[in-house]
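Participant: Listed here are the chains, written in short residue letters.
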Amino acid sequence: MSTIAETASRGQTRRRMRVDGWRWAGRIFLVFMLLYTALPMIWMLITSIKSGFAAMQFPPQWWPDQPTLASYQKLLDPQNSVGQDFLRFFWNSLFVSTVTTILSVIVAVPAAYAFSRFSFPGRNFLFFAVLLRNMFPAVIFLVPLFILMRVLGLVNTHGSLILTYLTFGLPLAIWLLKGFYDNIPVQLEQAARIDGATRFQAFILIVMPLSTPGIIATAIYSFIGAWNEYIYAYTFLSKNEQLTLPVGIQRFFSENTTDFPGLMAASFMMSVPVVVLFLVLQRYFVRALTEGAVKH
Amino acid sequence: MTIVTGKAEARRRLQPGRSGVLRKIWEHRADYAYVLPAIAVMLIVIAYPIYYTIELSFFKTPPGLQLRDKIFIGFDNYTTILASRVFWKVTWNTLIWTLGSTFISFVLGFAAALALHRDFIGRGVLRAILIVPWVISAVAASYIWRWIYHSDFGIIGAVLVGLGLADRPPNFIDSVSTVLPSLIVVNIWREFPFAMIMMMAGLQTVPEQLLSAAKVDGASAWQRFWHVTFPHLRNVSTVTILLLAVANFNSFIIPWIMTGGGPSNASHIWITHIYELAFGRQLWGVASAYSVLLFLILMTLGYFYVRALSGNERKEGTA
Chain A
1 MSTIAETASR GQTRRRMRVD GWRWAGRIFL VFMLLYTALP MIWMLITSIK
51 SGFAAMQFPP QWWPDQPTLA SYQKLLDPQN SVGQDFLRFF WNSLFVSTVT
101 TILSVIVAVP AAYAFSRFSF PGRNFLFFAV LLRNMFPAVI FLVPLFILMR
151 VLGLVNTHGS LILTYLTFGL PLAIWLLKGF YDNIPVQLEQ AARIDGATRF
201 QAFILIVMPL STPGIIATAI YSFIGAWNEY IYAYTFLSKN EQLTLPVGIQ
251 RFFSENTTDF PGLMAASFMM SVPVVVLFLV LQRYFVRALT EGAVKH
Chain B
297 MTIVTGKAEA RRRLQPGRSG VLRKIWEHRA DYAYVLPAIA VMLIVIAYPI
347 YYTIELSFFK TPPGLQLRDK IFIGFDNYTT ILASRVFWKV TWNTLIWTLG
397 STFISFVLGF AAALALHRDF IGRGVLRAIL IVPWVISAVA ASYIWRWIYH
447 SDFGIIGAVL VGLGLADRPP NFIDSVSTVL PSLIVVNIWR EFPFAMIMMM
497 AGLQTVPEQL LSAAKVDGAS AWQRFWHVTF PHLRNVSTVT ILLLAVANFN
547 SFIIPWIMTG GGPSNASHIW ITHIYELAFG RQLWGVASAY SVLLFLILMT
597 LGYFYVRALS GNERKEGTA
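Protein sequence lines correspond, in order, to chains A and B. Per my numbering, the very first residue in the first sequence carries number 1; after that it's consecutive. Per my numbering, the very first residue in the second sequence carries number 297; after that it's consecutive.
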């Protein structure tokens with residue numbers, strides 16, 4: 001629609017009216033989408049600063065009479081048992097997501113590079129096999145993986161989650177990174193090789209720096225995926241001190257079914273790290289999707 | 297390693313002649329080292345579970361995970377499933393859930409991408425806000441919406457009563473007739489940003505010259521969209537719709553956290569139903585048979601997905 005403005009050329013009043021119509025439709029639509037997107041999140045924030053009593057009123061208080069940060073204080077207070085649990089879940093999530101992210105970059109980079117550069121027999125088959133993994137739901141893998149984790153002695157450890165998240169993050173990571181490597185001219189590496197660099201040196205010194213945006217995008221994707229994952233964590237972990245945030249919050253809510261301010265505060269704090277991470281690095285992420293999915 | 301960088305060298309090596317496939321594989325043995333870690337992890341965590349699921353689907357399994365005591369019963373699990381009424385109910389729900397979520401998410405996302413394509417003040421901020429629901433955890437989203445839909449203190453009910461549209465707050469997720477649409481609204485809330493990002497990326501590839509040429513020829517805004525922009529986005533649209541469809545078909549968290557499949561199975565979709573059969577009622581064999589059926593459906597979708605992707609690649613090759 002970028003050319004709509006230009007279309008409204010001088011003298012063509014009839015066309016201008018129609019063109020403005022489209023533009024207004026776009027604006028109204030965007031306002032509608034903004035409300036749809038933002039209002040639930042705003043309501044979450046408003047509820048989180050209410051007292052438990054103020055939240056349970058009909059009609060609701062649109063803005064709390066006495067705003068309070070009590071819910072946040074409770075969740076972040078290491079002396080309080082709720083706070084202890086919450087901080088532990090938060091730390092667990094951070095640990096699992098960070099390790100998953102580092103490992104998936106280490107595994108995905110060489111694989112994506114090979115899929116982009118080499119033409120070994122079975123390359124296409126392996127590439128599509130990797131992509132096909134995206135098609136299958138977690139539930140199919142739950143029972144056998146649970147048994148596998150028992151054999152490996154990983155039940156109730158964070159290792160079980162890291163290993164699982166790693167494989168489920170890999171397909172998209174490889175796909176995104178391959179898009180980046182496809183766009184880096186082979187000639188750059190060839191020049192470095194002529195100057196006497198080994199293939200490995202050419203990779204580390206030339207290709208890696210150029211693909212940094214892709215690696216950042218892959219890392220964000222892995223981190224957000226691991227941070228938000230629920231089913232495996234729900235199935236593999238049963239010890240309270242091992243739980244990650246999504247499962248921990250569910251357990252918290254099943255014990256305090258009416259503490260909506262606490263629940264909303266917990267949901268908010270669970271969302272902060274990934275939303276901040278995403279907003280800071282979003283241009284890499286959007287660009288990676290563009291290169292990977294669209295230009296391919 | 298003696299292999300020279302690039303496809304040119306590889307192509308030279310792949311010249312037809314004496315060398316067979318094994319020879320080629322041997323010549324490229326160093327290349328496999330790069331993909332080996334990825335393939336190894338995928339084999340352990342993916343191939344083995346698939347094999348095991350297929351095997352279990354032919355057995356009657358005792359509750360608990362004492363699977364050594366399983367009894368071979370052939371296709372009985374499959375006939376049990378196809379004969380049950382719950383199966384058809386759940387399949388119908390899944391169909392509505394998948395088609396509804398996918399179609400509306402795509403249309404909203406595409407429209408938002410079009411509206412955001414032209415530059416204006418605050419575009420970046422608006423785009424960032426619209427993407428946020430996609431980033432936050434589905435568990436958090438489920439709880440937020442559960443609170444919004446709350447039958448006594450929910451904000452939507454309060455607004456409807458306040459405007460005089462309802463006498464008392466409606467039960468959105470406790471009523472058989474409204475539960476599924478209510479959950480679809482939540483799912484779309486989380487998913488349209490993905491379609492929006494993909495289509496925004498796609499819109500950048502539509503050549504400006506073509507649009508201006510069409511304008512010179514007197515095409516209206518709608519004609520330009522329909523005859524120039526849209527055909528250019530066919531591939532991106534296919535990939536986006538397929539990815540959305542697969543994600544929706546496989547979704548679990550929103551129905552599970554918000555309703556647990558109730559009331560009376562009205563919001564059970566395949567995945568939540570399988571989960572309940574396996575981990576709730578411990579019917580591992582039946583759940584595995586369900587998974588195999590699911591697997592077959594997904595393979596069909598996967599075929600189209602791969603075809604759409606390789607379509608892109610072929611295009612690139614000829615360009």
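These are calculated hints, taken from the structure and not from any lab test. None of the values given here were measured: they were computed from a predicted structure. Please note that the accuracy of each hint is not assured.
Just so you have them, the derived chain A footprint on chain B, three or more residues with Cβ under 8 Å [to be verified]:
1) 348 to 355
2) 448 to 455
3) 491 to 501
4) 544 to 555
5) 568 to 582
Note that the Cβ used here is the ideal one computed from N, Cα and C, for glycine as well.
Participant: All hints, please: hold or fail.
Facilitator: Evaluation of the provided hints:
no.	hint	in the structure
1	348 to 355	holds (count 3)
2	448 to 455	holds (count 4)
3	491 to 501	holds (count 7)
4	544 to 555	holds (count 5)
5	568 to 582	holds (count 5)
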